[in-house]
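K.L.:
Chain by chain, the residues run as shown.
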Amino acid sequence: MKKNEERIKAYNKYVSAKVPKTKPWPTLFNSFWVGGVICLIGQGINDLILFLVPNISEQSAWAYTLIALIFIAAFLTGIGVYDKIGKFAGGGSIVPITGFSNSITSPSIEFKSEGIIYGICVKMFTIAGPVIVFGVISSALVGLIYYIIYLFI
Amino acid sequence: MKYDTVKFKKQPKIIGSYSIVGPKEGQGNFREYFDYIMKNDFFGEKTFEKAERKMIETAITGAIQKAKLKVSDINILVAGDLLNQIISSSYAARAFDFPYLGVYGACSTMAESIAVASTLVDGGYFENIVCCTASHFSTAERQYRFPLELGNQRPPASQWTVTGAGSCVISQKGAGPRVTMATFGKVVDWGIVDVNNMGAAMAPAAMDTLLAHFENTKTTPDDYDLIVTGDLGKLGSEILIDLMEDKGIKLGLNYSDCGQMFFRRNQNTLCGGSGCGCCATVFNSYIMKKLQDGQYKRVLFLPTGALLSTTASQQGESVPGVCHAIVVEAYEM
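Sequence order for the protein chains is A and B.
All residue numbers for the first sequence refer to my numbering, where the first residue is 231 and numbers rise by one.
All residue numbers for the second sequence refer to my numbering, where the first residue is -14 and numbers rise by one.
Excised from the complex, chain A in its bound form (with noise of 0.2 Å):
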């Protein structure tokens, strides 16, 4: 049984000298211009926005400017354009909003054949359920500490 454990630790030593790595600095590149466009086309709506809508509050045209940038992605996803950006992209594309909106809509088209119930609305959160789950608890957490820090002040 040690000599088996041996094994494999020196095999797995061995595999993971030969694997293939991916290339930090072109990946990189690559992940912070689109990030970057993607920000980019978002401030663009924002102050879109603002110039045609002038009584608006700064607060809704935000919240406007995301469900825009929401439907881009969605509708990118349908058309099958964001995962190839995604390929390109990797967490440029993943990061902002855009990719949590293609998180939910690509399971949402992969399971439309399980039907409506079991199907989409079951899967749909498969992929953004942890992002959601650590959204919801580390902003209750930072509201406590928030709260805490209000009081002594």
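Read the hints as simulated data drawn from the structure, not as lab findings.
All of these numbers come straight from a predicted model, not from anything done at the bench.
All C-beta atoms in this analysis are idealised placements derived from N, C-alpha and C, irrespective of residue type, glycine included.
Please note: incorrect hints may appear among the correct ones.
[Stated by the list, open to error] Ranges of calculated distance between the beta carbons of each label pair, as one might list FRET restraints:
1. A:I238 - B:G279: 43 to 49 Å
2. B:Q299 - A:Y377: 35 to 41 Å
3. B:E317 - A:A240: 44 to 50 Å
4. B:V172 - A:L270: 50 to 56 Å
5. B:Y85 - A:A240: 27 to 33 Å
6. B:I234 - A:K239: 21 to 27 Å
7. A:I378 - B:V172: 37 to 43 Å
8. B:Q70 - A:I367: 32 to 38 Å
9. B:N251 - A:E235: 41 to 47 Å
10. A:F305 - B:F27: 19 to 25 Å
11. B:K(-5) - A:E236: 44 to 50 Å
[Unchecked claim] Here are some chain A residues the structure puts well away from chain B; computed CB gaps all over 10 Å:
12. F262
13. W263
14. G265
15. C269
16. S369
Using the hints provided, position chain B relative to the given structure of chain A.
P.N.:
The following block gives chain B in isolation, referenced to the frame of chain A:
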């Protein structure tokens, strides 16, 4: 003597073979050898699972036709695929009026089914047996990985599941390449946990079967015109060469891997093709053709399978591999 190698006395013949692939595979290196290239991945069906089932049905019918037999001549069907409860094969078997034997060896299913079928035929119990296996990129992705439209990057060691089905008819009579030996493989696990690195997980299984086969049959790599593994891919086949060299056996230019050869470099498949369909389509098109032409006299075909499931991997289990080998020799009058 160990008994994991079977030598067939009557040498069952492969009298008909048929391969069907998807459009991307149809642009790969073997495109002129396939019998049918689908225009799209749906194959006229509503879901990818149904498409895979239809591919199996088409492949079985095609193989029977090419063997110049009637459906009523077939005694039994041996088939398997990658999906849970091997639904593609089992559901496809509904369409046929002969008994069905489901086998699961992951990507090694083609050799497993041929080995089982040859044993049954050689024993004299059945006359004609159809073997079939298939895989579909889209069904495998959704079962093992992520939705198709998710914008993520594939790790560099990953492979591309081939959309394709291959089928062949094993028979007592008739003319065709002969199945002369089969080595049944053990399940080998050397503790690879990375599910994206199947080549490394399966290479030890290939080594184990290859060593057993050479020892039991007293042959060396030079006795074969072609030694071909299923879907170890670029990385896995390099590992296998290294592992065999450690054991003192040198795999030379006659060694090759279906997954590595399958796609062209510009098709972005990273380490190459994988899946049941990968070696099944290559075996039933290219290798069969070369055996019939007499370009290859003796081929050692040993596809490997990674016997993983998403549940077991999520529970931290490593990936076990299995490898079955068959020797196919050109027909001599």
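K.L.:
All hints are to be evaluated individually against the structure, with a verdict given for each.
P.N.:
Right, here's what the structure says about each hint:
1. A:I238 - B:G279: 43 to 49 Å: holds, 44 Å
2. B:Q299 - A:Y377: 35 to 41 Å: Since Q299 (chain B) and Y377 (chain A) have Cβ atoms about 37 Å apart, the given range 35 to 41 Å holds.
3. B:E317 - A:A240: 44 to 50 Å: With Cβ atoms ~45 Å apart, the hint holds.
4. B:V172 - A:L270: 50 to 56 Å: holds, 53 Å
5. B:Y85 - A:A240: 27 to 33 Å: violated, 43 Å
6. B:I234 - A:K239: 21 to 27 Å: Check passed, 24 Å falls within 21 to 27 Å.
7. A:I378 - B:V172: 37 to 43 Å: Roughly 56 Å apart at Cβ, these two residues miss the hinted range, so it is violated.
8. B:Q70 - A:I367: 32 to 38 Å: holds, 37 Å
9. B:N251 - A:E235: 41 to 47 Å: For N251 (chain B) and E235 (chain A) the Cβ distance comes to about 42 Å; the hint holds.
10. A:F305 - B:F27: 19 to 25 Å: holds, 22 Å
11. B:K(-5) - A:E236: 44 to 50 Å: Holds, since K(-5) (chain B) and E236 (chain A) (Cβ atoms, about 45 Å apart) stay within the stated range.
12. F262: holds, 14 Å
13. W263: holds, 16 Å
14. G265: holds, 12 Å
15. C269: For C269 (chain A), whose nearest Cβ neighbour in chain B is about 16 Å away, the distance exceeds 10 Å, so it holds.
16. S369: With a cut-off of 10 Å, S369 (chain A) remains clear of chain B, as the shortest Cβ separation is near 25 Å.
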